[in-house]
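Chemist: Protein chains in written order, with our numbering: chain A, 348 to 773; chain B, 348 to 773; chain C, 348 to 773.
Just so you know, the hints here were simulated from the structure itself, not pulled from any lab data. Among the clues, some could well be false.
It does not matter which identical chain is used: a pair holds within one copy or between any two.
What the hints assert, rightly or not - Below, simulated DSS-like cross-link-like pairs (lysine-lysine); rule was C-alpha separation at most 30 Å, straight line: (1) Lys477 x Lys362; (2) Lys749 x Lys441; (3) Lys402 x Lys749; (4) Lys749 x Lys362; (5) Lys465 x Lys477.
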Amino acid sequence: MSEQLVQQLCDELTKLVLIDPHTHINPHSAASRTLADIMGYHYYTELAHSAGMPKERIEEPGLDPKTKVGRLVESLGHLDNTIQVSWLVELCRKFFGFNEEQITTSNWEALYDRAAAKMAEPDWEDQCLKQSGIERVFLTNDFDDPLEGFDTNRYIPCLRTDDLVFHLGKPEVRARLAKATGMECAGATSLRRAIGKLFEHFSSHGVRACAISLPPSFSPTAVSVNEVDPAIKRLLQGETLSADDATLVSRFVFWTLAEYCAEFRLPFDLMIGVNRRVYPEGVFQGQDLFDQRVSLIQYQALFNAFPQVKFPISVLAQISNHELVSYSWIFPNVYTNAHWWYSNIPAYIEIDTRARLQAVPQNKQIGYYSDMYKLEFAWPKFNMYRQSLARVLAQDFVIARKWSESRALALGRQVLRGNVETIFGV
Amino acid sequence: MSEQLVQQLCDELTKLVLIDPHTHINPHSAASRTLADIMGYHYYTELAHSAGMPKERIEEPGLDPKTKVGRLVESLGHLDNTIQVSWLVELCRKFFGFNEEQITTSNWEALYDRAAAKMAEPDWEDQCLKQSGIERVFLTNDFDDPLEGFDTNRYIPCLRTDDLVFHLGKPEVRARLAKATGMECAGATSLRRAIGKLFEHFSSHGVRACAISLPPSFSPTAVSVNEVDPAIKRLLQGETLSADDATLVSRFVFWTLAEYCAEFRLPFDLMIGVNRRVYPEGVFQGQDLFDQRVSLIQYQALFNAFPQVKFPISVLAQISNHELVSYSWIFPNVYTNAHWWYSNIPAYIEIDTRARLQAVPQNKQIGYYSDMYKLEFAWPKFNMYRQSLARVLAQDFVIARKWSESRALALGRQVLRGNVETIFGV
Amino acid sequence: MSEQLVQQLCDELTKLVLIDPHTHINPHSAASRTLADIMGYHYYTELAHSAGMPKERIEEPGLDPKTKVGRLVESLGHLDNTIQVSWLVELCRKFFGFNEEQITTSNWEALYDRAAAKMAEPDWEDQCLKQSGIERVFLTNDFDDPLEGFDTNRYIPCLRTDDLVFHLGKPEVRARLAKATGMECAGATSLRRAIGKLFEHFSSHGVRACAISLPPSFSPTAVSVNEVDPAIKRLLQGETLSADDATLVSRFVFWTLAEYCAEFRLPFDLMIGVNRRVYPEGVFQGQDLFDQRVSLIQYQALFNAFPQVKFPISVLAQISNHELVSYSWIFPNVYTNAHWWYSNIPAYIEIDTRARLQAVPQNKQIGYYSDMYKLEFAWPKFNMYRQSLARVLAQDFVIARKWSESRALALGRQVLRGNVETIFGV
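Produce the complete structure using the sequences and hints provided.
Modeler: What follows is the structure in structure tokens.
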């Protein structure tokens with residue numbers, strides 16, 4: 348395949364200004380201040396640890412940012428091959444004038460200082476967004492986030508609900524819920540009402556999605572208030588539930604969320620397949636993995652019960668992509684949502700994108716989100732995706748199906764931006 | 348890879364006249380009469396529905412063909428990217444002189460009329476087969492099909508057995524069985540005899556395969572007449588069986604079919620992995636999906652018990668292809684059979700074909716079947732496969748292994764046609 | 348992608364002399380004596396059988412080597428497409444001056460004789476290794492192997508432990524253990540001591556790895572001596588254990604091996620996912636297959652309990668590669684180990700290599716082992732891998748990431764050889 352054609356398509360796609368439909372940006376501190384904010388991203392700490400660096404060396408309490416970066420740079424030689432390190436080098440080139448092949452123990456300090464100077468500029472956040480071609484960014488907000496003090500037009504609220512579904516057993520979660528809603532829950536009915544208050548609060552602040560990450564074992568079903576009430580009462584009194592009762596409560600809360608999504612006309616982002624704390628001695632955010640033995644058939648009841656709710660779905664295991672393609676092809680309310688975490692590498696993005704573009708209606712595909720914690724990552728991550736997308740458009744459409752370049756680009760633009768607008772209503 | 352080489356190989360392969368080893372053609376009405384027959388294919392109705400068109404609009408009772416096509420065309424803009432729509436456009440180009448890029452609300456009517464005129468020609472069926480390079484076509488016959496009134500040399504009977512294995516609990520199925528065999532079943536022994544009568548009937552009409560589609564949970568084992576007789580008696584009396592008893596009956600009937608396949612020397616096509624009615628509110632034939640958690644190890648007992656029966660196997664989940672390759676590599680009676688349904692897109696055909704051509708004996712691979720309901724689809728579907736096959740032959744054989752083009756083409760011809768002849772004895 | 352670039356990279360990689368980190372070489376008879384040793388490899392016998400040759404014809408007792416080869420050659424026409432037959436032709440070209448396209452019934456005899464003459468040269472073993480670019484070879488030694496009479500510097504011992512974990516119930520295994528250790532086991536404690544003696548023996552002979560193949564159902568956990576002692580006692584007395592007790596014993600022995608690996612600082616090669624004797628009527632070593640429904644989550648407790656033990660992991664099902672990539676990316680003690688058996692074909696090697704090179708630290712990847720039974724196979728098998736590796740380096744690094752060729756080659760050399768040295772300490 349002509350690399351020139353790929354590059355041409357990619358260059359065109361790069362001109363499009365984007366909305367990033369899923370990130371972990373803190374809107375009060377969206378951009379980085381030093382390279383430590385950037386290299387503290389779990390991708391680097393967990394890979395450095397995996398390559399041999401003791402966790403203690405990475406997470407030593409009180410470590411100043413520059414020393415931390417110096418330590419992490421020592422590991423980069425082992426990680427040079429990874430796409431994650433290519434993001435790092437690429438963003439340093441784009442934003443900080445870095446022009447060497449690799450970040451090494453000999454050149455990192457100058458880079459650190461140059462980057463710090465750049466990031467100290469008062470309008471760095473705006474500069475970064477502008478240079479990255481991003482104009483709006485979805486957040487991941489705790490259910491008790493006040494959603495104040497930032498521009499919700501630029502930083503779009505998204506109600507994240509893992510705590511409600513899976514951690515109501517923790518007193519601090521219940522305390523946060525009570526504080527956020529101003530009401531004490533006494534049972535299933537009042538819990539449902541409290542959740543409704545959260546939706547009202549988020550809705551009045553421009554929320555555009557509800558979201559949750561789910562373990563491979565989860566299988567949602569409708570649970571009646573009567574059925575779950577005794578378990579919820581015991582839970583609210585601080586009792587530890589049996590596994591069966593905990594599942595019942597999770598299903599009830601999850602189903603309640605879906606009902607509110609229907610009422611408030613919110614898409615419900617499902618991120619399916621993560622096992623938490625598989626490696627509990629790992630670094631911060633570097634402990635989760637997955638069991639690939641999961642199926643979307645587990646969500647059959649949900650998809651059938653809520654035809655009016657849009658479910659943009661991300662799958663963690665690459666092998667789940669074929670099910671995702673097929674379920675999106677059949678269910679009007681199932682959407683393919685980007686390339687998540689362990690599947691977010693070009694080898695898998697390309698295979699998965701090919702299948703989606705060949706078999707899922709083009710108005711049902713969200714091409715990509717960055718999942719970033721700091722703004723600087725939107726550029727290299729979307730760039731990686733654009734490269735893969737351009738490759739698929741070139742091979743499968745321009746070459747194999749003889750599409751004109753402009754027709755292929757229109758398809759690319761729809762999955763990169765157009766569908767984010769229509770699906771989330773932004 | 349040189350696109351020119353791919354095209355050259357594809358052009359050569361296109362010259363070969365084929366036998367289509369699995370279709371849903373109605374031999375009494377094999378070709379289409381209007382575009383509504385073509386666009387009524389579930390691929391278009393289900394994708395239109397998935398992209399947002401209400402089922403009621405697609406399946407409104409009494410809708411005339413032209414109005415129906417007009418409605419479906421409204422959805423094509425959302426489906427333009429799909430390989431299924433590329434089949435549609437390609438067949439309209441091939442057969443109906445269509446020469447625009449897309450079928451749109453402005454050009455469809457002229458196309459509709461031109462197509463209708465073409466299809467009204469008295470020899471359209473013959474023309475279509477000839478232009479498509481197809482000379483014989485396997486059918487999918489209900490067990491009670493009289494198999495009369497058509498040329499069984501052109502349209503080859505295939506005994507489809509889903510109803511017998513999974514739906515004997517339905518009174519209408521039992522009534523059909525009684526009518527077809529002229530005998531009332533009283534228990535396991537007479538049921539077995541009745542099934543034997545079906546084989547005799549089909550055998551006397553040139554049947555070339557027995558076939559069935561199977562859910563992911565199915566795992567065949569031998570069941571003795573004594574063991575199953577009480578359950579079958581209750582079933583025949585109209586009782587609803589427990590899940591365990593229903594499984595027992597299914598296994599007994601399935602095993603009985605395998606025994607008759609041995610006796611009548613018929614290949615037994617297994618199409619593994621479909622869950623029916625996952626989306627019951629979907630359009631006609633657009634309701635089935637799958638659970639990818641399935642393994643060919645579930646068929647271990649079967650493959651060992653019937654070394655004399657050929658089992659051409661289709662798998663629905665793409666991830667099952669590696670098992671299929673490996674089982675075909677080890678078991679003499681396991682054959683790879685085409686690219687089924689949700690796996691029938693170029694992204695997956697290419698990966699799966701590469702693996703099969705690299706690791707399965709070349710006399711054990713059935714390259715492709717069209718699975719079509721109307722003759723017009725053989726052309727674009729086989730074309731899609733030929734493109735993928737040519738790509739793999741070019742890359743993996745001509746380039747990587749330095750084979751001559753003629754040697755690569757011989758391999759291509761064997762999987763396209765030669766093996767259909769040897770495996771099914773046509 | 349430029350085929351010339353791929354070839355250039357491959358040629359450079361071919362200059363590197365290698366250590367083969369997993370084989371089944373018999374160090375007392377490492378090279379072949381006739382083509383029958385080569386074509387007796389299970390890949391050829393099982394594929395010939397799969398393509399239609401009766402087992403009896405292949406395994407007829409008392410068959411002389413030349414007749415056996417003549418018979419197997421009859422099947423080659425059906426297997427010509429397979430990568431395994433390309434290994435055969437390639438090694439005959441490299442070592443025996445074969446220069447035709449295919450081995451056929453008309454040309455095999457001359458080849459047989461020429462090969463026999465070559466292999467009769469007294470230094471054939473040295474010649475073969477030298478021409479193949481291999482200098483050291485890991486073995487697969489039974490636990491009671493005396494490890495004497497060969498150069499353990501060239502042929503590196505590896506303690507294979509399947510018999511201990513899964514077959515202690517067989518009297519002959521217990522007898523071999525007693526003989527090897529000079530002690531009779533009376534229960535869990537003495538069994539553990541006996542296993543320690545095996546480690547001491549292997550350690551004093553330069554062992555570099557402990558290894559085992561595991562069925563998909565296996566899930567290791569710590570088992571206390573007290574918990575397992577009664578079951579082991581019954582086992583040692585020749586009783587047949589219940590499935591649960593057999594699992595308990597297997598887990599205890601396995602965990603004990605891991606403890607000794609920690610004590611003796613040995614990597615523990617896990618080869619995950621094989622079901623034995625799925626096709627018991629198959630040819631010798633051509634009976635095993637797999638159930639792809641397996642997850643590395645089953646090894647979570649092990650990876651957490653032994654941070655000081657390196658676990659190079661091979662997976663049998665191709666779909667397991669994504670989990671392997673992800674677990675190696677997170678767990679410091681999990682390493683990717685080559686491309687095993689049914690996954691050892693270019694179609695899968697390429698996909699799997701791409702993902703590993705993009706996401707696993709480069710010091711944690713063992714690129715390839717030959718798994719060979721006879722030395723002549725190292726050449727074509729490593730060649731196959733080098734081709735795939737060169738293709739990935741060209742596409743993903745030189746072209747997509749604009750790496751220099753020398754930088755890409757350094758990465759290639761590290762996974763081909765460097766990591767074998769650092770991981771196994773050779």
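Chemist: Does each hint hold? Answer for all of them.
Modeler: Okay, the hints, checked on the actual structure:
1. Lys477 x Lys362: within (11 Å within a copy, 49 Å between copies)
2. Lys749 x Lys441: So Lys749 and Lys441 pass the 30 Å test across copies only (16 Å; inside, 34 Å).
3. Lys402 x Lys749: neither (52 Å within a copy, 33 Å between copies)
4. Lys749 x Lys362: Classified as both; 23 Å inside a copy, 22 Å across copies.
5. Lys465 x Lys477: Classified as within: same-chain Cα gap 15 Å, cross-chain 56 Å, threshold 30 Å.
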